[in-house]
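The listed protein sequences correspond, in order, to chains L and R. All residue numbers for the first sequence refer to our numbering, where the first residue is 642 and numbers rise by one. All residue numbers for the second sequence refer to our numbering, where the first residue is 30 and numbers rise by one.
Hints may be right or wrong, so weigh each one.
[Claimed, not checked] What the simulated footprint calls covered on chain R by chain L, stretch by stretch (three residues with Cβ under 8 Å from a Cβ of chain L suffice, anywhere in the stretch; the number is not a length):
hint, segment
1, 100-108
2, 117-126
3, 129-141
4, 263-277
[Unchecked claim] Here are the simulated lysine to aspartate or glutamate pairs, EDC-like style, with alpha carbons at most 20 Å apart:
hint, chain 1, residue 1, chain 2, residue 2
5, L, LYS892, R, GLU129
6, L, LYS892, L, GLU835
7, L, LYS740, R, GLU92
8, L, LYS893, R, GLU129
9, L, LYS652, R, ASP97
10, R, LYS38, R, GLU52
11, R, LYS267, R, ASP280
12, L, LYS740, R, ASP97
13, L, LYS893, R, GLU88
The set of hints was computed from the structure by calculation and includes no laboratory data. Cβ coordinates follow ideal geometry from the N, Cα and C atoms, glycine included.
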Amino acid sequence: MSNQIRVEWFKLQRNRTFWILLLTSTCISALLHYLVIIDWWQMGNTAFDSVDLSEMNALSTFTVPLFFNLIVGTLAAFFISNEFSQSSVIKNQIISGSKRSHIFLAKYLIFSLASIVVTILIPLIVGIIEVILLGYGEIFTPLNLLFLGRALGLFSLQFLGYTAILVLLAVITEDSGKTIIFSIVFTIIMFAVEKLMRLPIINMLYENSIFYQFSEVFKCSMTYSELIESILIAFVTIIILIWCGIYMFNKKEIK
Amino acid sequence: MSNYILRTKQLSKQYRNNLALDEVNISIKKGEIYGFIGQNGAGKSTMLRMVTGLSLPSEGSVELFGNDNPRELTIAQKRIGAIIESPAFFPNMTALENLEVHRLQKGVPGKDCITKSLELVGLNDTGKKKIKNFSLGMQQRLGLAIALLSDPEFLILDEPTNGLDPMGIVELRELLKKLNREKGLTILISSHILSELHQLATCYGIIHKGRLLEELSAIELDEKCKQHLRIKVDQPTKGATILESALGTTDFEVMPDGTLKLYSYLDDVRKVSKTLTDHQLVIEHLSQAGDSLENYFSKLVGGERA
């Protein structure tokens with residue numbers, strides 16, 4: 642397993658898409674944070690407003706699935722799907738005598754790490770730096786930092802569920818274009834479910850999904866049971882999706 | 030410990046309505062160079078894909094180095110080097126980086142193996158050139174370097190000469206012979222080009238439409254393809270004696286049905302015929318026989334050319 646992780650890490654370091662996304666994410670978050678801080682772009686009613694962190698409002702953009710999917714969907718397409726279709730290097734991995742489950746898990750772990758860096762860490766670090774450089778450093782009180790830590794920690798956990806969906810999608814479609822398209826369609830469906838669906842059973846399922854948790858974890862205060870519920874939803878989602886992914890990957894004919 | 034590197038038992042593969050492989054049993058012993066012959070679409074790659082774990086059998090089993098349960102089989106696959114269908118690389122990486130990926134994958138300690146492999150296939154001076162700028166022949170050689178990187182005990186090559194120029198083919202052949210001779214490397218090489226395999230293989234498996242038609246050694250195949258005079262006389266025993274005494278040759282065989290197979294005097298049929306009739310033998314049949322490898326294969330698969 643450690644060999645597989647080292648391989649994925651090596652590949653990630655040489656993956657052009659990853660570096661382009663890293664640069665894009667840095668530039669976009671720098672611009673958005675700047676526009677928010679100078680009040681050119683005024684965002685209201687965000688989770689950050691409610692805890693006096695309105696200078697960090699630009700982070701809200703990166704917590705919307707329709708937005709962050711564009712980043713992680715692209716990474717999944719060009720980091721995972723490409724190995725099946727364009728270069729077929731997945732063959733080498735299977736032939737090397739590694740367990741398929743280890744290959745899948747290594748891909749998931751490194752892809753998730755890269756996604757968290759590009760989608761969560763970069764916007765956060767860029768935001769903190771800009772806020773401090775532009776003279777608003779005093780907004781970071783211990784209480785606010787605790788909120789940021791709790792909210793982004795839980796968000797990352799839900800996010801790991803989302804990356805598991807994307808790895809599964811990438812393995813099923815085996816094609817970068819299809820991975821991007823299906824991931825966009827999927828997030829649109831989830832958005833529609835959130836906004837339009839009135840069926841109680843669907844609502845109940847949605848409210849117990851990571852998609853609902855993406856916004857819930859940014860509530861300014863959470864009870865202990867809400868916290869546990871959020872963690873459980875993330876873990877159960879991750880476990881189920883990884884199990885499905887390994888099962889499908891084990892049965893897959895590698896072309 | 031099993032003397033067999035690879036054994037398949039009743040190996041079958043069904044793709045919906047298409048039976049790609051039908052109860053194939055092959056056996057490859059340590060140190061052999063096994064030529065896997067078949068037309069395009071005969072099932073060669075399907076078979077190799079199952080041996081290397083890329084595809085799962087519908088029925089039957091694969092035994093590698095004496096292991097046939099799935100867990101042990103995966104471990105046994107670490108002792109294999111293979112190129113299936115076409116070599117696969119990261120096009121935006123250099124040869125060195127591609128080999129590094131494979132080295133990490135197999136957990137081979139030290140980076141010396143990379144330099145050695147590249148030297149072995151003559152690609153040690155490609156520097157920072159990306160794979161996407163490599164010629165087909167260079168890519169094929171790099172594929173071989175990857176397959177040989179972890180010093181495998183069993184090498185599986187699927188149509189390895191695709192894209193190689195004539196010199197490249199000769200070099201590959203010599204390299205494989207050298208590895209087989211010096212390191213005792215067992216090789217399974219598939220091809221539809223019979224002449225190519227004929228210069229290399231020590232035994233053959235002939236596959237057609239998913240079925241293994243014949244498995245034979247190079248000696249047996251040469252024997253079957255050897256040019257000879259097929260002679261049928263009324264008294265085979267006397268005929269054999271005459272061949273020995275009057276023509277002074279022992280280069281013949283008496284077949285179970287009484288037919289004599291004479292491997293000399295191919296250019297002097299008249300002398301053979303005259304000698305036999307002079308000794309009061311009735312010649313019932315006299316003809317030149319024996320096939321080229323292509324003809325033999327063609328006959329075996331029912332007239333369809335490879």
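Here's how the hints hold up against the structure:
Given a C-beta distance limit of less than 8 Å, the hint that chain L covers the segment 100-108 of chain R holds, as 6 residues qualify and 3 suffice. Here the segment 117-126 of chain R counts 7 residues with a CB under 8 Å from a CB of chain L, which clears the bar of 3, and the coverage holds. For a cut-off of 8 Å, the count of residues in the segment 129-141 of chain R with a CB near a CB of chain L stands at 7, and the three-residue condition holds. Remark: the segment 263-277 of chain R is not confirmed as covered by chain L, as 0 of its residues place a Cβ nearer than 8 Å to a Cβ of that chain, below the required three.
At roughly 28 Å between alpha-carbon atoms, L:LYS892 and R:GLU129 are farther apart than 20 Å, so this suggested pair is violated. For a cut-off of 20 Å, the pair hint linking L:LYS892 to L:GLU835 is broken: about 34 Å separates their Cα positions. Using a Cα cut-off of 20 Å, the hinted pair L:LYS740 and R:GLU92 holds, with the two alpha carbons roughly 17 Å apart. Of the pairs offered as hints, the one joining L:LYS893 and R:GLU129 is violated, with about 26 Å between alpha carbons and a cut-off of 20 Å exceeded.
Proximity of L:LYS652 to R:ASP97 is assessed by CA-CA distance (about 32 Å); at most 20 Å being required, the pair is judged violated. Pair hint R:LYS38 plus R:GLU52 holds up; C-alpha atoms about 7 Å apart against a cutoff of 20 Å. In summary, the hint linking R:LYS267 to R:ASP280 is supported, as the alpha carbons are separated by about 16 Å, within the 20 Å threshold. For the hint pairing L:LYS740 with R:ASP97, the CA-to-CA distance comes to about 15 Å; that is within 20 Å, so the pair holds.
Distance restraint check for L:LYS893 and R:GLU88: the Cα-Cα separation of roughly 16 Å lies within the 20 Å cut-off, and the hinted pair is therefore satisfied.
Violated hints, in rising order: 4, 5, 6, 8, 9; the structure is consistent with all others.
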